[in-house]
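Engineer: Here the protein sequences come in this chain order: G and A.
According to this note's numbering, the first sequence is numbered sequentially starting from 17.
According to this note's numbering, the second sequence is numbered sequentially starting from 17.
None of these hints come from the bench; they were simulated from the model.
Predicted, not measured: the structure shown is a model, and the values here were computed from it.
Misleading hints may appear alongside valid ones.
Note: identical chains are not told apart, hence a pair may lie in one copy or across any two.
Said to hold, decoys possible - Mimicking SDA-like on lysine to any residue, the simulated pairs with C-alpha atoms at most 20 Å apart in a straight line are:
no.	residue 1	residue 2
1	Lys118	Arg204
2	Lys150	Trp189
3	Lys118	Arg175
4	Lys118	Val134
5	Lys150	Thr131
6	Lys118	Arg178
7	Lys118	Leu201
8	Lys48	Thr138
9	Lys118	Arg208
10	Lys118	Glu77
11	Lys118	Leu185
12	Lys118	Arg182
13	Lys48	Asp111
Number of protein chains: 2
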Amino acid sequence: MRDAYADQLDSIRDDLLTMTRLVETAISEATKALLDGDATIAEQVISADAQIDALRVQIEEHSFELLSLQNPVAGDLRMLVASLRMVSEFERMGDLSVHIAKIARLRVPDVAVPTEVVPTITRMAAIAEVMIAKVGHIIANSDVAAAEELEQVDEEMDRLRRQSFRELLGSDWKHGVEPAVDIALLGRYYERIADHAVSIARRVVFLVTGEQPSYLA
Amino acid sequence: MRDAYADQLDSIRDDLLTMTRLVETAISEATKALLDGDATIAEQVISADAQIDALRVQIEEHSFELLSLQNPVAGDLRMLVASLRMVSEFERMGDLSVHIAKIARLRVPDVAVPTEVVPTITRMAAIAEVMIAKVGHIIANSDVAAAEELEQVDEEMDRLRRQSFRELLGSDWKHGVEPAVDIALLGRYYERIADHAVSIARRVVFLVTGEQPSYLA
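The shape of chain G in the complex, shown without the other chains (with noise of 0.2 Å):
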């Protein structure tokens, strides 16, 4: 029979698992606000991260107690102090999408994203989310191959963003100031996400592993 340690130990893993639900909702959301220029959406975004926010302070709260009570050794102690490092990133990426949320509710009743952008726009957000579904995938199945190719994914995210520059710098933009700072920023935005969800696939290789990863070397 299992014991209430081992069952607190997969209770973790559950949480985990329902924040990057939570973080994967919040950034198709934002973009849905975003490319719809749609502020009721914009409203529930910004109002939903206080949910990913109280699931950060949960997780962190039942770590350490595991940490302080149970003396946790080899497998369990990284996993727990991943886990601690963990929601730190998922809050960040929760904290990423209210901020395109805020640039889509500050454009209201226009699309902050002007016509010829909305492709790249798009396709960042859908690269995002993947990577947060695979993320899902990582924890729950501890796919250390799957973590692997996340890398991947995240060059096209790269390539992505560097394409939103030459748009925005091009001689064919005529949109002026203040779309373009909208756009390099929603860039970035998007870009954090996806290499916090990089980070997140390390921290299970690391917990997997022992090592860090050695595509890294």
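Mind docking chain A on chain G? Use the hints.
Structural biologist: Just chain A now, kept in the frame of chain G:
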């Protein structure tokens, strides 16, 4: 007599203080590169970041070793977990300094910051440096009161960032898209450096008191 374990905890704190000083130098030099349009200094900041990353790995390994071998409890446990989380924040501050240095390098022999925005950027950089110095003091002295003061300094940073946005989106802006995008991103980078300083200070408060800072409640 003090034992080896206590000495090892002290040495982690010393390494954190070294990391603080390296980050302080990175921000100060990146700003110098930016405002003087100095490619040599920008390159130095970019290559010196490896030192910050190496110190991060060293502190992580050392903290993990103590967590694994010493089964620390209460204050020591919190200190080690806090160290693991603080090094991530310091590493990000180093990365943000590199981003600032890269904007400087991209515009050489020009200066990325238009003359009339120089005072705002200079002030943002000065605040970031003051905040980092305070973080060093807070870590060295477990100074909870100073951590609270830091939140007030951070408010000036937020105010300055809003001001830089008013400047670049105002009708007087004559510099076009590229410098506007640079200033928007620079504002974001300095603001994030300040956010990390606040976050580290909050971790020290948690370390000392065992409670989340009360002024957050």
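Engineer: Look at each hint and say if it fits the structure.
Structural biologist: Hints, verified against the model:
Within a single copy, Lys118 and Arg204 get their C-alpha atoms as close as 14 Å, and across copies as close as 15 Å, so both meet the 20 Å cut-off. Within a single copy, Lys150 and Trp189 get their C-alpha atoms no closer than 35 Å, and across copies no closer than 43 Å, so neither meets the 20 Å cut-off. In this assembly of identical chains, Lys118 and Arg175 lie within 20 Å of each other by CA distance solely across copies; the values are 17 Å between and 25 Å within a copy. Taking the closest pair of Cα atoms, Lys118 and Val134 come within 20 Å of each other only inside a single copy of the chain (18 Å); across copies the shortest separation is 27 Å, beyond that limit.
Taking the closest pair of Cα atoms, Lys150 and Thr131 never come within 20 Å of each other, the shortest separation being 29 Å inside a single copy and 46 Å across copies. Taking identical chains as interchangeable, the C-alpha atoms of Lys118 and Arg178 lie at most 20 Å apart only when they sit on different chains, with a minimum of 14 Å there against 23 Å within one chain. For the identical chains of this complex, Lys118 and Leu201 are neighbours both inside a copy (12 Å) and across copies (17 Å), given an alpha-carbon limit of 20 Å. Only within a single protomer do Lys48 and Thr138 lie at most 20 Å apart by alpha-carbon distance; the minimum there is 9 Å, versus 37 Å between protomers.
Taking CA atoms no more than 20 Å apart as the test, Lys118 paired with Arg208 passes in both settings, with 16 Å inside one copy and 17 Å between copies. In this assembly of identical chains, the alpha carbons of Lys118 and Glu77 never lie at most 20 Å apart, being 30 Å within a copy and 39 Å across copies at closest. Taking the shortest alpha-carbon separations for Lys118 and Leu185, only the inter-copy value of 17 Å comes in at or below 20 Å, while the best intra-copy value is 23 Å. With identical chains, the CA atoms of Lys118 and Arg182 are at most 20 Å apart between copies only, with a shortest distance of 17 Å across copies and 24 Å within one.
For a Cα distance limit of 20 Å, the shortest separation of Lys48 from Asp111 inside one copy, 16 Å, qualifies, whereas the shortest one across copies, 30 Å, does not.
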